[in-house]
Amino acid sequence: DAKTTQPPSMDCAEGRAANLPCNHSTISGNEYVYWYRQIHSQGPQYIIHGLKNNETNEMASLIITEDRKSSTLILPHATLRDTAVYYCIVRASSRQLTFGSGTQLTVLP
Amino acid sequence: GAVVSQHPSRVICKSGTSVKIECRSLDFQATTMFWYRQFPKQSLMLMATSNEGSKATYEQGVEKDKFLINHASLTLSTLTVTSAHPEDSSFYICSATIWGTSYEQYFGPGTRLTVT
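Those protein sequences? They're chains A and B, same order as listed.
Residue numbering for the first sequence follows this note's numbering, starting at 1 and increasing by one per position.
Residue numbering for the second sequence follows this note's numbering, starting at 1001 and increasing by one per position.
Certain hints may be false.
[What the hints assert, rightly or not] Below, a list of computed lysine-lysine pairs in the BS3-like style, where the Cα atoms sit at most 30 Å apart:
no., chain 1, residue 1, chain 2, residue 2
1, A, K52, A, K3
2, B, K1014, A, K3
3, A, K3, B, K1041
4, A, K69, B, K1041
5, B, K1020, A, K3
6, B, K1020, B, K1055
7, A, K69, A, K3
8, B, K1066, B, K1041
9, B, K1014, B, K1055
10, B, K1066, B, K1014
Everything labelled a hint here was simulated from the structure, so no lab data went into it.
Chain A on its own, in the form it takes in the complex (with noise of 0.2 Å):
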């Protein structure tokens, strides 16, 4: 599976919009992208997932570039329940998840 690159660490004001990148330059055409969050010792919560087109629920945004090297988690409205790890992971399908280190999400009041 495609290897990701993301920042370690992001603060956002709550209320605002948290925009999460990640970089899969190595991404094959038939990879997703994921995008889980780990709240502190809890299990992860999936968020979403696409392949090119950019999707949305209830949770999050994903924009995926037109290349597919990179895209970012949009969260629209930060709350302090958003503080957590965020992983951007890259796979096929069948495919078991690979974690890597992920972004510190913090919201601050």
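We have chain A; now place chain B onto it with these hints.
Quick look at chain B alone, frame taken from chain A:
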């Protein structure tokens, strides 16, 4: 939907004893379950992949005789840490994929193991 539970949530055991952790898919049948381990301030590391009715596939460096995995049904997988030592203290997390879909993984809440 797609809820995965783990039991126990926390366990403390003495060095040399064995401890069993259960992972259940509550509202779906899981073709495959995965076991991860997470040490403090580190990311999740895949330990093994478990398919119902067959032997688990272990990642390199994970001792299969120490971490026994049984996947007897489509809703239950167990991880037994045998002869536990303090260095086995960790956060153990399972996940499950839904039968016949796009292999989405749903994670359990994790089990905190402390070996004294």
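>> Holds or violated: K52/A and K3/A, Cα atoms, limit 30 Å.
In response: holds (17 Å)
> Between K1014/B and K3/A, does the CA-CA distance stay at or below 30 Å?
Replying inline: violated (39 Å)
> Given the proposed pairing of K1014/B with K1055/B, does the C-alpha separation stay at or below 30 Å?
Replying inline: holds (28 Å)
> Do the alpha carbons of K69/A and K1041/B lie within 30 Å of each other, as the hint requires?
Replying inline: With a Cα-Cα distance of about 28 Å, the restraint between K69/A and K1041/B holds, given a limit of 30 Å.
> CA of K69/A to CA of K3/A, is that 30 Å or under?
Replying inline: holds (11 Å)
> CA of K3/A to CA of K1041/B, is that 30 Å or under?
Replying inline: Since the Cα atoms of K3/A and K1041/B sit roughly 20 Å apart, the hinted pair holds (cutoff 30 Å).
> Does the alpha-carbon distance linking K1020/B and K3/A stay inside the 30 Å limit?
Replying inline: Outside the cut-off at roughly 33 Å; violated.
>> Next pair to validate is K1066/B with K1041/B; report whether the Cα-Cα distance is within 30 Å.
In response: holds (24 Å)
>> Would the hint linking K1020/B and K1055/B be met if the CA-CA limit is 30 Å?
In response: Holds. K1020/B to K1055/B sits at ~17 Å (cutoff 30 Å).
> If you draw a straight line from the CA of K1066/B to the CA of K1014/B, is it 30 Å or shorter?
Replying inline: Between K1066/B and K1014/B the Cα gap is close to 16 Å, so the pair holds against 30 Å.
Checked against the numbered hints listed earlier, the structure breaks hints 2 and 5; every other hint is satisfied.
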